[in-house]
Structures are given as C-alpha cells and as structure tokens.
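The listed protein sequences correspond, in order, to chains A and B.
Counting along the first sequence from 1, when you hit position 720 you're at 941 in the working numbering, and nothing is skipped either side.
Counting along the second sequence from 1, when you hit position 174 you're at 179 in the working numbering, and nothing is skipped either side.
Quick caveat, the hints were computed from the structure, so don't treat them as lab data.
The beta carbon of each residue, even a glycine, is placed where N, CA and C say it ideally should be.
Heads up, some of the hints might be wrong.
What the hints assert, rightly or not - Here are the simulated DSS-like pairs of lysine-lysine, each with C-alpha atoms no more than 30 Å apart in a straight line:
| hint | chain 1 | residue 1 | chain 2 | residue 2 |
| --- | --- | --- | --- | --- |
| 1 | A | 365 | B | 201 |
| 2 | A | 282 | B | 205 |
| 3 | A | 529 | B | 225 |
| 4 | B | 79 | A | 356 |
| 5 | B | 210 | A | 251 |
| 6 | B | 225 | A | 365 |
| 7 | A | 522 | B | 27 |
| 8 | B | 225 | A | 522 |
To be verified - Among the chain B residues that face chain A by a calculated CB cut under 8 Å, a handful are:
| hint | residue |
| --- | --- |
| 9 | 55 |
| 10 | 80 |
| 11 | 81 |
| 12 | 128 |
| 13 | 132 |
| 14 | 136 |
| 15 | 137 |
| 16 | 138 |
| 17 | 212 |
| 18 | 214 |
Claimed, not checked - Chain B residues, not near chain A, derived (Cβ > 12 Å throughout):
| hint | residue |
| --- | --- |
| 19 | 24 |
| 20 | 38 |
| 21 | 42 |
| 22 | 45 |
| 23 | 106 |
| 24 | 153 |
| 25 | 192 |
| 26 | 237 |
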Amino acid sequence: MGIIEKLNAIKGNVPHYWPIGSFIHHNPLKGFEHFGFKDGLNRAKKIYGGKVYMEPSYYLKFYNEGKISHSILEENLKEVLEVDGLAEHYDLAMKCLLEVNPQWNHFRKQADDKEHPIDKELLAYLDDEFSYHNKERWLKQITKHMTLYEINDILFHRDDKEVIEKSIIEYITRFLDEDQTTIPMENRELGMFETFKLFEDFDYPLDSEAFVEEALERLHVKNKERYLLTHVLKLHGWAGFIKYRSEDPGYFSQQKNPSSLMDYMAIRLYYELAYLQHRKINNFDLLHDYSLANASYVVLKMLKYNYKLPGKYIDLMEDSNNFDDILERYVQEELQLDAKQVHLSNDLLNNTDIPLVELAKIMEVLREEEGYIWMKSLEDTYIHSFIDEMKLDDEPETERPLASITMCLDVRSETTRRAIESTGNYTTFGAGGFLGFPIAFVEFDKTNEQLLCPAVVKPGNIVFEIAKDVNDEYKSKKTINKTTKKVISDLKNNPYTPYIMVEAIGWVFGINLFGKTFAPQKTKKFFANFKAKKPKTTYTLDKLSDEDIEMYVNRLHLHLIHEALVNYSSKSYTEEDIQAIRDHLVLGSSLSLDMPSELLNQLKKNYNVSPEDYELQKIKLAKVGFTLEEKVEYLYKFLTMIGQVDNFAEFVILSGHVSVSDNNPFESALDCGACGGKSSLPNNRALCMLANSQEVRDGLAKRGLVIPDDVKFIPSLHITTTDEIEFHDRYFNTRRDEKV
Amino acid sequence: MIANILFLLLVSGLPYYIVLEKSDKFTSKSIFLLSAFMLSCAILLSFFIHNQHSESLVVISFISAMYSVYRATKTTNFYKLAYYFIYINAPFFLLFEEQGAFYSLSLLISLIGLYAIANFYEKHYGSANYLYVRGITLATPLVGIHITVYLISIGLYPPLPNSLFFLSYIFNTEADLLWYVVVISIYLGNFLVSMKVLEKSIFGKTNPNIHYVDLNSKEKITHFIIIALLALLSIYGIKEILVWVL
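Based on the provided sequences and hints, a complete structural model is requested.
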C-alpha cells in the first residue's frame, strides 16, 4: 500500500471541519458513524483517549431517584452479558453494577490503608494483564500515540514539541489565511507544499507524497499508517479543515491556494526531521535500542509524563539512579493495589463460587460495558416515559389562532415556544433556522456575502439589503466613527504617541470597562447613541433583467476605471472617454484615445476590467433575487414542511435567532447553526416579504395552498441571551393590529 | 566579620543542604525545618547585632543562591522547594541590612505556608511531590488558592509583603554593580521558579488516579493564621513605602 492509500485509510478518523468563516458545530466522531454508536465510541476512545461515558456514580444517582428503571436496566444488562458470553453471571453482574463498580476507585484508596492476604494466582494474572513485567509491550502501549519528538522531549528534557507545533501553526495559518492578514503570504497559488519549500528555502525537487515517504523511511517508522494518524491528531482542527478544503471542489480559497492533507503531513514531517537531526535519538531504531538498554528509566519517564507515577517515586527518581529498583517497587505496589481491589470487591459480593481470576475478568468486562449499559438504560427509561405521557389530540383544531410563530429547532427556542403556547390562543411551529430557504446575503453597507444556510448547502440566490429611506444621518455618523477609529488606530500604531495617548485619553476606555461591568444596560444605551443606526432597509428579491445586469456591470467598470485614472493618471478624462476605455477593455472595441499601455494593463490586471470579469460579474448578478417560480416553490416547501397549510392565524410570525454577548470568543457558536453560525433574521425577513406578496400567494393558491388575505407574515428576531423578541417590518393596518 | 559569617551560615548563604541531602538521617522535611530554624535565629539576632553587609560574603551567598535556583528548577517536591527558596533569598538578607530581617520574616512565613501544604500533600497523597497531584484548583480550590498566595508572595508579586519590603529596600539604598546583579538575578530567580511551580502544581486536568481531599478545619485555621500574618506584614510594608513616598 502506497503512502497516499495509507493516508486515505486514516482520513476517516479526522473530524470534519466546515469553512473557517462559518462557526458551525462539527461532529468529532463523524468518521466513526458507520460503526454504530457503541463500537464507534470505543474506537474513537482508543484513538483520541478520554472518557466517553459518565462515572457510574452519576448514573447510580439517577437510578436511586427512579430516573433509570430497574426492569430496563435488567434488560440492557442481560443483552450485553449475552453478547459477551457471561449470561450465567447475571446476578453477580447486577450487584457489581449497583454496589461494587461505583466504589471501585474508593477500594483502591482503601486498599492503600488495609492489609489483606493476596491470592497468588490473581497476582500472576494481573501482572500479565497489565504487562508490568513485559517492558517492551508496556512501552508500546504508553507511546502508542506519541511522535518521536515528543518521546525525545520526555526522555531528554527538551521542548522541541512546542517549537515544532508553533512553526507548523505559523506556516499553516499564514498559508490558509482568507484575507484576514494585512500582508498575505506570496506564491500560495503554487500549493501548500510548494510554497512551503520557498518559505523554508528547502530545495527538494519532488512532491509532498515523495517527501512523506522519504521522511518516514528516515525516521525508520514501522507502522506508517499509525504514525500518520498520530501526526494528524496532533493538530486535528487544522487537519480537519485542510481535509474539508481539499474535498470541496467549490471552496474558493482551495481553488486559489490548493492544499492537501499530504502537504500538511509533509510539512509536519519536515519540521520533525529538522529538529531531530541533531538529537541523540533521531529515528525509531535508535529509540528501540535506547529503550532496551534503559527500559526502566524510559518506562518511569513515560509514566511520570502521563501523570501515572505517584509522587514518592518521582522523589526517588530525583534522589537515585537505580531505576530498575524504583520501577520494581512501583510495579509491586500497583500489583498489590490491583489485587486488593479485586479482593475487596469479592468480599462485598460475598462470592465463594467464582475463582478470583475469573471474577477479575468478569469485572473488567463489566467496567468496560457499564457506561453503555447505564446510558442506554437512562435513555430508554426516558423514551418509555415520554411516549407514555404523550397524548394525541384526535379533535381537529377549529378555532383560528390569533397568531402563530415559527422558531428555529433549537433548545433555546423550545422553551420560548412552550411559554408562548401557554399564554393563550397561539400556535407555534419549529423549522431549521434557515427555513429551507438558502441565501447568500449581502448586508447593508457591507461588501462580503454571508451564506445563510447549513454548510452542506450551496445557495443559488443572492440577496442584497438596500436602504429604503434617505440615509444621510447614517452616512454622517459612519464617517465620524470611521475617522475616530482611524485616529485612535494611528495614535496606537505610532511609536511615540501611545505614551501620551494612554495618559490623555486612556480613562475614556475606562467608562466602557466599568460601565459594562456595573451598568451594562445604561452603558449599552449610551454608546448606542454614537453608533450609526441602519436606515430602514429592504431586500432585492426580484431577478434583474438582462438590461439591468448590463447596466450594473458597466457602472462597476466605469467606477473602477475612474478610480484608477484618479490614482495613476494626471490627465483628465470625460465620461465618454471612460466609457470608450471600458468598451475597449471589455468588449474589444477600438480605442481612439491616446492611453499608455501600462495603464491599460494595470486596469486589466489590478482592477479586473476585462472580458473574463465582465462574464463573471454577469453570472454573479444573474444570481440576484428569485424568479416567481422559485419564490412560490420555496414558500410552498416551507409551509408544507412545517405543516402550516390551513387555519392560518391572522399574524404569522417567522422568528430567527441571534445572541448578544461581549468578549466572547465563541459568540458565533451561540447564533443560528442552520445559518452557518450567523443571525437567521435575513432568511425570515426575506421569506415574510415573499409570503406577503400577492403574486406569490396567487402562485401558492394555484398549487392548492390558500393564504387568506388578512394574514400578515411578520419577521422577528429572538435574542437568545436575553430572551427578547424584536419585530421587524411591522406594517400594521389598524391600531387593533398593533395592539395584538 | 564574625557576625557576618554567622549571618551567612544562619540565613543559608552556604549550600550545606548538599551534604545533608546525601545523609540518610536528614529528610527534605528536616532540612527545611533546620534551615527555617536557623533563619529565624538570624532574624532574631539581627535585631540585636548590626547586620552590615560584606561584599565577599554577598558574592558567596549569591553563587549559592544561583546554584539553588538551578536545583529548584529540577525538583517537584514542595519540601525541597521550600528550603531551596531560603537559600535563594540568602543574599537579600545580607544585602538588605535592616530591611533584610522583615523581608526574611515574610519569606519565612510564606515558606511555612508552603511547608504546611507539603505536609498536607504528604499526608493525603503519600508524598509532597506536586507533579502527580495536578489540577488541584479544579478538585480542591481552597488548597489551590493557598498555594497561589504562598507562591506569588515568594515570587515577589505585590501587594504581598515580600514584594513590599523588596520595593522599600530598592527605594532606600544606593545601587552599585553588585547590587544590580544580585537584586535582578534573585528577583528573577524567585519569580520564575515560583511561576513555574504555580503553573505545574495548580493548573491542568485533575488526575483520575487520585482521590482528592480538601483541607480540614484545623488545617484551614493554620492557613488562615499564616495568611493573616502575611496581611499584617503587608500593612507594615505599605507603611514603610508610604514613609518613603511622603
């Protein structure tokens, strides 16, 4: 199997990561989904480490409170015992679950203080089971997920790991940057590994795959697949993102600056080789020889690093070099404690029938299975009681609800829905926050588009938010804010002014600091006065005609040419001249003006005024808005999906959600996951606009879905951190409507 | 000169722990108790005998202190650490003259706190080694707070008394080359060692192999007294600084 196949084989273990601009939850166990829950979880545990179930005491509490039914627990235990071939030990297993296992760790503490005669057979079994006297096997287990540089660091008190990981992070963050830095890395279009060669001045003629192969050979890696996995899991967030990019053909940054998991592996291995080349142990064969010669020392060091070596042995290691003796003392103590744990359990179980070795084996299986048994029993009990409590109302609803509200399928919205339903004649519905209405949204006065839909969906329609009213106040306040920000930024970045600035205006920042701490509401209101308030806006929901598209592309090009001429030419040009330049560059018409060819080239290259850009802009603008069929289709799908097809309330509220928080690096994680970790208000507003349009309602009526004329669709926004609901686009007809 | 040599010995200006550590009769705990007892004698004595520093003895204690800094970075045992800190700070006692007594007194009290923590670790976790007992802040936050207070006090963090007497001394003396070398090196030694220990002892995930135990009421009272003493010394230290400022 070649390196590429080996890497592909482990790819599944890398958690999937979505686009870096969208903060969306990703399932770290995605690669294990095909195994089934229990098996997948066990495999993931072996690879990643960590605890996958709660402690037995946690479930025991629920059992004692009656939240776990005894009969369901019995059923699940029997099922597991049958699979493991231990069905005959059911009574013992149940006692273990309820009485012994919750005290297992406590027995170890007790074992430390109590004297107890130890069964020799049991001792021998435990010794073999935990490989205490097979140091090679023991070491293999401990170093299973370690790179060579990590092992080197532990054995020889070095800090290579930090330097290597920092170097890798520095390079990949710069390479994968998506217009966040002010000085982007150059030559990225060559690909991740090719750019890396330039970055590190590394003269290597072959590609990343060849380098990985060579590096693994130089490190004398035996199990290459596992070693690649070890490396991938060191920075699995970045690895997951690189994997995502490389597998998404439509990801723009990937098209521009290609990267692959193989490139990433090559970079990791390059640094590993570079930092290890002058170390005493720089390949696995040397490590093997060293471990054989100093087995006890290596085991002790690894145990110490993994926080498994009790303090008294660490003290002994500081004072003495007799590591064989120290390890033997540790092993003997561990064996005694392990054996005493089994003995104490045996005493509690009053067991006289089953030999201790057999009991130890049964208990070990149970300790592995108990988390699953308890968790399944807890879930099954809940499901049973939930189904029992669920009542289906056979009588159809006849009374027309006053209002209905559709909220996101989100736990934070669920409680609000229950609260609304309990207050009167209101109906609520749940739908994914984007309402099955994927859009690329360009907010008012912003240039970047937000993809408001789940990451797996690619929106085919663009919606612009544009001002409805004159926005002079907004513009003037924005200019003031922009200037203030620029002044502060210049003062901060100047080498001399920060000293004076801190003394002179440092206290101003204190107002915000103390205000937010002691009077957050008042401070928010106070600072809101300085912010530019967005004017009333609407969305571009209709398709542009071909003439409109032509006009907008023309306008864009004219604007760009005008800007370039202002910057690079001292000559003045009339509007007709600029139009002629544009037609020459884009449509290929002849140019009678005397223009320097450098300037024309600059317009083509730097300002993108070219036939290719003309076509691209036309394609982009063709995506703006929706055709009538699309509008009807999206609304029809939405209403039938949530089941709101008749008995419409007078006010149909579609509520998006967002969160508000300060200094929270995970803020977007609190926003709508179905909208790529952003606010879902635009989807709700846009769909309400469609639903209030008569031509869309006529289209729906043709498909058999009639929305009465008095029904008003109102968009709203649920702020989940404060549980406030803001209403938007309220075009109420009467005072009664408004009151309602 | 005899008085100076006596002070050098009493405040641990000579690293006699090198010999004691090799002897089976002395444990880390007893070496700390011996060093702490001798330091207390020096503090008491300094109220009766004028402590005028001799440059050669400061240099000797400084070399010993640097060696102790090195040793302190190699251990993860609170007892050892406690007596290494006495040796690390010996040059300050000699150099600070009158102020040295109060600086050393607050150091001694902080170290008694550390010693009490070491005792607690030994009693419950079998050793005063902190490396195995990680994540103490998450498991038993009160113990974590006490370790933090003692270590930041030793690490010369204001407003704990060590830093205040240190500051007061800086204000009140004239600096020469030896002064710069000793003050900067020992300050950094104290700070870096304390912070390294703080990071490794109180932070991190809890160790699932350990049954964590919290302080009992007797231990809580002991630590409360130690912190109260440090607070009193801080007030006195602030007063000393204010005298200089005003």
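Cross-check of the supplied hints:
Between the alpha carbons of residue 365 (chain A) and residue 201 (chain B) the distance comes to roughly 29 Å, so the proposed pair stays at or under 30 Å and holds. Restraint check: the Cα-Cα separation between residue 282 (chain A) and residue 205 (chain B) comes to about 34 Å, which exceeds 30 Å; the hinted pair is violated. Proposed proximity of residue 529 (chain A) and residue 225 (chain B) is supported: the alpha carbons are some 29 Å apart, at most 30 Å. With a CA separation close to 27 Å, the supplied pair residue 79 (chain B) and residue 356 (chain A) stays within the 30 Å bound.
For the proposed pair residue 210 (chain B) and residue 251 (chain A), the alpha carbon gap of about 26 Å is at most 30 Å, so the pair holds. Between residue 225 (chain B) and residue 365 (chain A) the CA atoms are separated by roughly 43 Å; this puts the pair beyond 30 Å, and the hint is violated. Using a Cα cut-off of 30 Å, the hinted pair residue 522 (chain A) and residue 27 (chain B) holds, with the two alpha carbons roughly 23 Å apart. This hinted pair does not check out: residue 225 (chain B) and residue 522 (chain A) have alpha carbons roughly 35 Å apart, beyond 30 Å.
Given the 8 Å rule on beta carbons, the hint for residue 55 (chain B) is violated: about 40 Å separates it from the nearest Cβ of chain A. With its C-beta approaching chain A no nearer than about 6 Å, residue 80 (chain B) sits inside the 8 Å limit, and its interface hint holds. Checking residue 81 (chain B) against chain A by beta carbon gives a least distance of about 6 Å; that is within 8 Å, so the hint holds. Because the beta carbon of residue 128 (chain B) sits about 12 Å from the nearest beta carbon in chain A, more than 8 Å, this interface hint is broken.
The closest approach between the C-beta of residue 132 (chain B) and any C-beta of chain A is roughly 3 Å, which is under the 8 Å cut-off, so the hint is satisfied. Hint status for residue 136 (chain B) relative to chain A: holds, with the closest Cβ pair at about 6 Å, below 8 Å. With a cut of 8 Å, the hint placing residue 137 (chain B) at the interface with chain A holds, because the nearest CB-to-CB distance is about 4 Å. Interface restraint check for residue 138 (chain B): the shortest CB-CB distance to chain A comes to about 7 Å, inside 8 Å, so the restraint holds.
Taking 8 Å as the C-beta cut-off, the interface hint given for residue 212 (chain B) holds, the closest approach to chain A being about 5 Å. At about 7 Å, the closest approach between the beta carbon of residue 214 (chain B) and any beta carbon in chain A falls short of 8 Å, and the interface hint on this residue holds. Every CB of chain A is more than 12 Å from the CB of residue 24 (chain B) (nearest about 14 Å), matching its label as outside the interface. Every C-beta of chain A lies more than 12 Å from that of residue 38 (chain B), the closest at about 17 Å, which supports listing it as non-interface.
Interface exclusion of residue 42 (chain B) from chain A stands, the closest Cβ pair being 23 Å apart, more than 12 Å. Taking the minimum C-beta to C-beta distance to chain A, about 26 Å, the non-interface status of residue 45 (chain B) holds against the 12 Å cut. Residue 106 (chain B), annotated as away from the interface, keeps every beta carbon of chain A farther than 12 Å; the closest lies near 33 Å. Even its closest Cβ contact with chain A, about 20 Å, leaves residue 153 (chain B) beyond 12 Å, as expected for a residue assigned away from the interface.
No beta-carbon of chain A is positioned within 12 Å of the beta-carbon of residue 192 (chain B); the least distance is around 24 Å. Distance check for residue 237 (chain B) against chain A: the nearest CB is about 31 Å away, which clears 12 Å, and the non-interface claim stands.
Hint compliance for this structure: hints 2, 6, 8, 9, 12 are not met, and every other hint is.
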